[in-house]
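As you go down the protein sequences, you meet chains A, B and C in turn. All letters in the first sequence, in the order written, are residues 142 to 386 by the numbering used here. All letters in the second sequence, in the order written, are residues 175 to 567 by the numbering used here. All letters in the third sequence, in the order written, are residues 474 to 601 by the numbering used here.
It is worth saying that the hints were derived from the structure and are not from the lab. Quantities reported herein were computed from a predicted structural model and do not represent experimental measurements. A couple of the hints might just be wrong.
What the hints assert, rightly or not - In silico DSS-like cross-links for lysine-lysine, where the CA-CA straight-line distance does not exceed 25 angstroms: (1) Lys529(C) x Lys271(A); (2) Lys334(A) x Lys273(A); (3) Lys192(A) x Lys271(A); (4) Lys273(A) x Lys192(A); (5) Lys329(B) x Lys261(B); (6) Lys271(A) x Lys334(A); (7) Lys334(A) x Lys192(A); (8) Lys529(C) x Lys273(A); (9) Lys271(A) x Lys310(A); (10) Lys544(C) x Lys529(C); (11) Lys529(C) x Lys310(A); (12) Lys334(A) x Lys310(A); (13) Lys544(C) x Lys310(A); (14) Lys544(C) x Lys334(A); (15) Lys544(C) x Lys273(A).
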Amino acid sequence: MKTTAEHDTGVDQGRRRWLAQLGLMSGATLLAPGIHLLAIPPAEGAADGTKRWGMLIDATRCDPNCQLCVTACHEENGLPPATDAQAVRWIRKVTLREERSNHQVSLPMMCLHCAHPPCRDVCPTGATFKRKDGVVLVDRHLCIGCRYCVMACPYKARNFVYGPVTTQKNEVPRGMGCAEGCTLCVHRIDRGKLPACVERCPNQALLFGDLNDPTSPIRRRMAEIGARALRPELRLDPAVRVHGV
Amino acid sequence: MAKSMIALNHYAHAVRFWQLMGVWLLLIAGAAAAFFSLEHFGHAITGMTNHIVWGFPHVIAIFLIVAASGVLNVASIASVFGRTDYKPYAPLSAWMSIALLIGGLAVLVLDLGKPDRLTVAMTHFNWTSMFAWNVFLYTGLLALAVVYLWTMYDKRVSGWSSAAGIAVFLWRLVLTSGTGLIFGFLVGREGYGTALLAPAFLALSFAWGWALFLLAQEGVSRWAGEPSAMLDEALFTRARQLFAVFLAAALYFVVIYHLTNLYFERNAAFSRFLLFAGGEFTFLFWIGYLLLGALLPLWLVLGMGDRASVRWAALLTVFGGIAFLYAFIIGGQAWPLQPFVGYEVLSSGFDDGQVAIYQPHWPEVLLALGGIGVSGLLITLAVRVWPFVPVRT
Amino acid sequence: MGRRFSRWIRWGAAVAGVATLLTAAAQPPHIEVYPERGPCVADRETMRREHHQMLKHQRFISVHEGVRDAKVDFNQCIACHASPQSQSVAARPEDFCVACHRYAAVAIDCFSCHQPTVSTAQRQGGGR
Chain A
142 MKTTAEHDTG VDQGRRRWLA QLGLMSGATL LAPGIHLLAI PPAEGAADGT
192 KRWGMLIDAT RCDPNCQLCV TACHEENGLP PATDAQAVRW IRKVTLREER
242 SNHQVSLPMM CLHCAHPPCR DVCPTGATFK RKDGVVLVDR HLCIGCRYCV
292 MACPYKARNF VYGPVTTQKN EVPRGMGCAE GCTLCVHRID RGKLPACVER
342 CPNQALLFGD LNDPTSPIRR RMAEIGARAL RPELRLDPAV RVHGV
Chain B
175 MAKSMIALNH YAHAVRFWQL MGVWLLLIAG AAAAFFSLEH FGHAITGMTN
225 HIVWGFPHVI AIFLIVAASG VLNVASIASV FGRTDYKPYA PLSAWMSIAL
275 LIGGLAVLVL DLGKPDRLTV AMTHFNWTSM FAWNVFLYTG LLALAVVYLW
325 TMYDKRVSGW SSAAGIAVFL WRLVLTSGTG LIFGFLVGRE GYGTALLAPA
375 FLALSFAWGW ALFLLAQEGV SRWAGEPSAM LDEALFTRAR QLFAVFLAAA
425 LYFVVIYHLT NLYFERNAAF SRFLLFAGGE FTFLFWIGYL LLGALLPLWL
475 VLGMGDRASV RWAALLTVFG GIAFLYAFII GGQAWPLQPF VGYEVLSSGF
525 DDGQVAIYQP HWPEVLLALG GIGVSGLLIT LAVRVWPFVP VRT
Chain C
474 MGRRFSRWIR WGAAVAGVAT LLTAAAQPPH IEVYPERGPC VADRETMRRE
524 HHQMLKHQRF ISVHEGVRDA KVDFNQCIAC HASPQSQSVA ARPEDFCVAC
574 HRYAAVAIDC FSCHQPTVST AQRQGGGR
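Okay, chain A solo, but in the shape it has when bound (with noise of 0.2 angstroms):
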């Protein structure tokens, strides 16, 4: 209630006083949790930056009616079976026909984990992410859905999930309203396994390894057979190459 010598002036300073007063409690109330102490110790993680994974993709060893390593990828990763337009796929087999010689190939074509990813540069929350040691990711913590990443993708990597989800995995977390691609099965490396594709493949058109070490068996083959970037011109420098395309 006002004074009277306060309707003179026409300010409550009473009111203007218990203002102040909630505005500095919820300040410092929202405040206060900020300033707790983490007593949590930061374990060591498996992403080693002196690594690069990487794969090399031999399309001349690619069987074009085998489908086995996206069956590979799908199981793995408990991804349902990709048979719309609003599916979800991490990788995929493509049959082409070189337009002169009319020579005809088939490969896998997933994610390829770029040194300079375009997914990772337009990415606004920083959501997808590049680990040191190449592994192009989403944290799914901070992905907003806004699908620039998709846009963004020159190789049709890049997926939004359409519906909610509830059969994922354990160790591959992924949800309805989140964009998401191949992991290079970063669960699976991590502890010292193959990505699940390259396990299937029964042709040995996949091999896995650190680009980084000259004396890895990657390497070594790139070395032998020679291995070039898809659409070398873009400059990305990805860490899945192909031989025979």
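Use these hints to put chains B and C onto chain A, whose structure you have.
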């Protein structure tokens, strides 16, 4: 010379006001229903796919945002370029900018896969991303436009009006260039990935903003029953000539863009698709944008030149702009990515090499229209309570 | 106008008061734990206060560094806290996470992406 401003006479126009509000509220209700369905069922209920991830909501949202920046031209001409004849129309122009921007942003945010993560988007920034910059560019423009309006109405700060006008003008040059560069920075797609999109969008913003302003200003003046609030003959002539200049500038950039694309064999495929082989997109480009959205308005504005013709020209420009964006945004995604240059795709598990189909479904159409509803509601509401109608003495 | 306003305030306060009493009368849920599966990462009071901070802090490190065997491992939390009836922490209203979060009215987003059900492999291996 306009002397004073009036708000609408509440009692005389109550019916029309509530009718108009009814339309906007209906559109907003439709968008709300669409949004809640999207939250529950996901974007699966839309026509968007993993081939076309930005659909009709983005077309309308980007139109509203680009027009929002363009509509400030009127105020800029008054404050920055010193043409005081336009000064009485500056408040409406600034408010329309705010309203259109809010409408466009609302659609963009509600269309996100995870709109509840908006706080994440406001606290985590990747500075190589145009979207991260846009968070600041768009909110900054809103704040500057509010300050600008304040300098127009409050005598104590009216000395800052010029400075505010210049700040708004420069800010929106950056903002609209940024909107163009959303697409300009995409390296992978043949339809995008060119710096030319920044000035192209700037020119388009001038044309669309001017058109929307002419329509709104005439609508408001008629509604207020103040014929003297219409632009006088001299001002009208200059306004329509400026409209023609903006239309021509936009057309210039679009033509240069396609000509250059067609010249480079490595870039030509997309332009050939859009201009000659794109089905609905070709139709929308030639008939929707070029004919109805650029050439016909130019003829109406320069050749005919009377007020009714200019009104039609403005309306056609708006529809032409939406047609242009539909062909550009959706056509740009429908045209397949080309990771295997020199190869024809015989088969693919992801339809590589195939032109994608987009069929808008009700949820995304309603969401897009809701953005128009929000902008319309804000403009209608403001016009009723604020003195936006200049009156000549 | 003042008198009508204060009547609104009185009615509003009455409704708020009744609502508070009703919600205060609600019993906190009985949360089942399974000590035979081994001890948790920290004691109950610490976990109640800080589990969200632990998860939030650890998840960034796990994702960005590829940590597979952290002390705070969400899949391990689920494995230990999954109810025997549903094998899940979020399937039924009585399951571990959901029971408390419904009572506290704090919405959680985790299970839109994380699988709340224990995997077969983990079920066979038991808890920690």
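Quick rundown of the hints versus the structure:
A threshold of 25 angstroms between alpha carbons decides the hint, and for Lys529(C) with Lys271(A) the separation of about 20 angstroms falls inside it, so the pair holds. Restraint check: the Cα-Cα separation between Lys334(A) and Lys273(A) comes to about 18 angstroms, which is no more than 25 angstroms; the hinted pair holds. Annotation: proposed proximity of Lys192(A) to Lys271(A) holds, straight-line Cα distance about 13 angstroms (limit 25 angstroms). In summary, the hint linking Lys273(A) to Lys192(A) is supported, as the alpha carbons are separated by about 8 angstroms, within the 25 angstroms threshold.
This hinted pair checks out: Lys329(B) and Lys261(B) have alpha carbons roughly 15 angstroms apart, not beyond 25 angstroms. Our distance criterion of 25 angstroms between C-alpha atoms is met by Lys271(A) and Lys334(A), whose separation comes to about 20 angstroms. Of the supplied pair hints, the one linking Lys334(A) and Lys192(A) holds, its CA atoms being roughly 15 angstroms apart against a limit of 25 angstroms. Between the alpha carbons of Lys529(C) and Lys273(A) the distance comes to roughly 21 angstroms, so the proposed pair stays at or under 25 angstroms and holds.
Restraint check: the Cα-Cα separation between Lys271(A) and Lys310(A) comes to about 23 angstroms, which is no more than 25 angstroms; the hinted pair holds. For the suggested pair Lys544(C) and Lys529(C), the alpha carbons sit about 13 angstroms apart, so the restraint of at most 25 angstroms is met. Only pairs whose Cα atoms come within 25 angstroms are accepted, and Lys529(C) paired with Lys310(A) is accepted, the gap being roughly 21 angstroms. Between Lys334(A) and Lys310(A) the CA atoms are separated by roughly 17 angstroms; this keeps the pair inside 25 angstroms, and the hint holds.
At most 25 angstroms may separate the alpha-carbon atoms for a hinted pair to count; Lys544(C) and Lys310(A) meet this at roughly 21 angstroms. For the suggested pair Lys544(C) and Lys334(A), the alpha carbons sit about 22 angstroms apart, so the restraint of at most 25 angstroms is met. Annotation: proposed proximity of Lys544(C) to Lys273(A) holds, straight-line Cα distance about 22 angstroms (limit 25 angstroms).
Of the numbered hints listed earlier, not one is contradicted by the structure.
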